[in-house]
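Peer 1: In the order they appear, the protein sequences are chains R and Y.
Under our numbering, read the first sequence as residues 192 to 382, first letter to last.
Under our numbering, read the second sequence as residues 17 to 564, first letter to last.
All clues stand as given, with none of them false.
Lysine to any residue pairs mimicking SDA-like chemistry, simulated, CA-CA at most 25 Å apart:
{"hint": "1", "chain 1": "R", "residue 1": "287", "chain 2": "Y", "residue 2": "158"}
{"hint": "2", "chain 1": "R", "residue 1": "266", "chain 2": "R", "residue 2": "281"}
{"hint": "3", "chain 1": "Y", "residue 1": "287", "chain 2": "R", "residue 2": "300"}
Quick caveat, the hints were computed from the structure, so don't treat them as lab data.
What you are looking at is a predicted structure, and each value in this text was computed from that prediction instead of being measured.
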Amino acid sequence: MAKTASRVVDVRAEAEKHATGLRGTTGTLAGLGVTLRNMVRPQHVTIQYPEQRKPYSRRFRGVHVLTLREDGSLKCTACYLCETVCPAQCISIDAKEVEDPRIEKAPSRYEIDLSRCIFCGFCVEACPEEALIMSREYDLAVTAREPESLTYGIEDFTGRSEIAAYGAGFRPHPEYPLVESYVPGERKGEI
Amino acid sequence: MPIVTIDGRQIEVEPGTSVIQAADLLGVEIPRFCYHPDLEPEGNCRMCLVDVEGFPKPVVACATPVVDGMVVKTPHASPLASRAVKGVLEFLLVNHPIDCPICDKAGECSLQDFYMHPDYGQHPSQVNPGEKVHKRKRVDLGPRIVLDAERCVMCSRCVRFSENVTGYKELQFIRRGNHVELVSFQERALQDPYAGNFADICPVGALLSRDFRFKRRVWKLDYTDSICAGCSTGCNLRIDHFDGRIERLIPRRNPDVNRSWLCDEGRLSYKTLDVAPRVKHPQQDGEEADWVEVAAAADSRLRSATLGRELPLGALASASGTNETLWLFRRYVEAAFPQHLLEFRLARETEAVRERQDKLLRRVDKHPNTMGALHLGFTAGMGLEGLVDEAEAGRLGALLLLYYPPLVGEDSEETKERIVRLLQLVPESVVLTTHHLPYLAAAKILLPVAAWSEEEGTYTNYQGTVQHASRAVASPSAARPAAEVIGDLMRHATYGRPETEPGRVFAEIADRVPAFRGLRYNELASRLATAYPPEGRMPYGQDGFTGR
Chain R
192 MAKTASRVVD
202 VRAEAEKHAT
212 GLRGTTGTLA
222 GLGVTLRNMV
232 RPQHVTIQYP
242 EQRKPYSRRF
252 RGVHVLTLRE
262 DGSLKCTACY
272 LCETVCPAQC
282 ISIDAKEVED
292 PRIEKAPSRY
302 EIDLSRCIFC
312 GFCVEACPEE
322 ALIMSREYDL
332 AVTAREPESL
342 TYGIEDFTGR
352 SEIAAYGAGF
362 RPHPEYPLVE
372 SYVPGERKGE
382 I
Chain Y
17 MPIVTIDGRQ
27 IEVEPGTSVI
37 QAADLLGVEI
47 PRFCYHPDLE
57 PEGNCRMCLV
67 DVEGFPKPVV
77 ACATPVVDGM
87 VVKTPHASPL
97 ASRAVKGVLE
107 FLLVNHPIDC
117 PICDKAGECS
127 LQDFYMHPDY
137 GQHPSQVNPG
147 EKVHKRKRVD
157 LGPRIVLDAE
167 RCVMCSRCVR
177 FSENVTGYKE
187 LQFIRRGNHV
197 ELVSFQERAL
207 QDPYAGNFAD
217 ICPVGALLSR
227 DFRFKRRVWK
237 LDYTDSICAG
247 CSTGCNLRID
257 HFDGRIERLI
267 PRRNPDVNRS
277 WLCDEGRLSY
287 KTLDVAPRVK
297 HPQQDGEEAD
307 WVEVAAAADS
317 RLRSATLGRE
327 LPLGALASAS
337 GTNETLWLFR
347 RYVEAAFPQH
357 LLEFRLARET
367 EAVRERQDKL
377 LRRVDKHPNT
387 MGALHLGFTA
397 GMGLEGLVDE
407 AEAGRLGALL
417 LLYYPPLVGE
427 DSEETKERIV
437 RLLQLVPESV
447 VLTTHHLPYL
457 AAAKILLPVA
467 AWSEEEGTYT
477 NYQGTVQHAS
487 RAVASPSAAR
497 PAAEVIGDLM
507 RHATYGRPET
517 EPGRVFAEIA
527 DRVPAFRGLR
537 YNELASRLAT
547 AYPPEGRMPY
557 GQDGFTGR
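So that you can see chain R by itself, here it is in the shape it has in the complex (with noise of 0.2 Å):
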C-alpha cells in the first residue's frame, strides 16, 4: 500500500489560537463540577463503614456456619467431605463417638483456618447433611500475627452473635427452607 503524506498540524499553535484568559482553568472548573454536582446529589454512594454496613447477597459465602439439631447439638456427623475436598486444606476435624445411637459419630474438634481458606463454599456444597453453611460475615482482621487467631473450632461457628447479625449466606440447596432454629447465634437476624 502507498504510504500517503499525512497532514501535518502545529499542535502548539493549535493550542494559542483557541487560548482566552482563562488558559488552563476550564478542566479544573470542569472535575471541581462534578464534584459539587455530586456533593449535593440526595444519592449516597459512600457509607459510614463499619458503623454502618451494605446488604450482601444471599448467596455470598462468608464465614462458615456450623448448624445445629433441634435439640442444640451439631448436625455435623464428620464425615470428612469438607476435609477431603477443601482445596486449601485448612478443614481440620476430630470424631468421637456419641451416645445417641441414631447419630453415632460427632466431631469432637472441627476447626478452620480462615487465613488458609480461600471462602470457595466447596466444603458447604459437599456437606450432604447442610451441617456446614456460609454467613454473609466477612470482616475478619485481627492484631494479632498468631495462626490460632484465625482459626475457628465449634464454638466459634456456633456461639459467635455475628452470625445470626449477618445472616445465612451460601447453602448449595436454597430452594429447600433453612429452618431458624437451627442456624446458631443469640440473635435471631434476617434469614
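Since chain R is already given, all that's left is putting chain Y on it; use the hints.
Peer 2: For chain Y alone, coordinates are given in the frame of chain R:
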C-alpha cells in the same frame, strides 16, 4: 496342565485352580465378597458370576475349577455376566443403610468400589429408603470389634474364619431372607485372640475395628510396608499412619508366613511405643548432652574402663534390633575391645524362638530377630544372667547395652532386676534405648535410638526368612537409628567411616555371612506381600486419586 482363556487372555494353571484364582493371576478383576484366598470358597455371595462358553447360565468363578480349553468371559467382556452381577449387587444393596459418611470402611469398601464400577453397578435404586429393613447398629462384640448388622452382605467370611482358622466358632447367622443377621454366640463378646482380623476380612463396614473406630478416614492415611516386631513369627503388616502418628496396623498377605492374618497383640503393638516416655536427648551422667560430645565420651569411657584395667567389655544387644544394627554392634565390639563378652540373650530367646504360643501365629519368643542374631554370629552364650555373675565377681570392666522394650508383653521382673543389678555393678555403662524405663535409670550414658517403625532394616524370622521393614514415622527429637549411633561410636574409635545406611550394611552382611548369601536388599524391599484389602487392588487413594 489346563489352559484357560479369560477375556481373551490365556493362562496355564495348576489343575484344581478355580476360575477366580486364574483371573487373579492374570490380573483380570472379578468382583467378589465371599471369596478369600485364605478361606474355603463357599460361593454364597454370587458376585463373581462369569459367563463360561458352553455353560447354559453364568457360574460362580470362586467355586468353578478350570478345565482345559475353558473360555471364560467376566463382566468386563460379557454383557450377560455384567447384567447378572448388576442384579446381584442391586439385591445386596436393597437393605443397605447407605450411611457411608459415618462408616469407617468408606474408602476401602468393596460395596462402594463395585457400585461405582460401570460393569458391576451404577444402577438406579428402586428402593424407597423408608422401606428398608433395619437391623441392629453399633453392637458391642467385645474390646476389638463393633458390629453393624445393617451393613452386612452375609458373605460369611467371618463365620468361616472363626470356624476354620481360629476354631473359636463364635459367629453365626440367624433368621432368614431379608432378616438374616450376624450374631455372636449367645451375644457374648468375642474371645478370639485374632478377632481384629474380622475387621480386615469383612468386605463391607459390618465388622469394624474398635481401636480404629472414627480415628481417621482411610483415604487420609499413608501406607508403609513393615514387619511385625512383636514376636519371632515376623508377620507381614502395613503401617497406616497420618501426620507422623501410627493409626493402625493391618496384615499384608504372605502365604509363607502369616497368610492374611495378624494377632491382636501384634495389631495393637504400636500402642506400647507410647506407654513410657521416650528418650529424647542423649544423657551423660544424668545431664542432657550433645550427640557429638556424648558419642566421643561413650567410646573413650568404655575403652578406658576395659582396656586400662585389663577387663572385658560386656556387650549385650537385644534381638529386637535389625540385622544391620546387630551386625554393626558386633563389628564395633570385636574391633574396639580385644576382650569382650558378646551376648544377645535377655532370657531364653534361643529356646523359645520356634516355640508356638498357639496353633496359628503367635510364638513365645517376643523378639523379632533372634534368628538374625544367631545367623550374625551372636551365640547363645552366658546371656544376661551370665553377665550379672561376671560383674558380681568383678570381672567386667564396662557394659554396652542395646535394649528395646518388647512390643508385646513385658520383660519378666527377673530380667528387669538383672539389668538393674548389672548397671549398678559395672563402673561404666552405655545404654542405647528408646524409652525412659525405671530399670535403665542407673545407666551412666543413655543414647536415644529409633524404635520399631522409625527405622529401616531387615529382620530374620523363626523360619530364617529375611524380611524388610520400611521406615514409617519420624523419631522424636534427637533419637537416631541405632545403626547410625553405633557408626558414630566406631568413628570415634577410629575404625574408619563405617557404612551405616541399611542397604549398604546389608550388602556387607550378604557378602560375609553364609545365611545371607545371595540376598539383595533392594529385592527384599520390593518383595511386597500383597496389601490386604481388597485382594490385588490398591486401596482407594493409592492409584493417584488421593485426598491429600
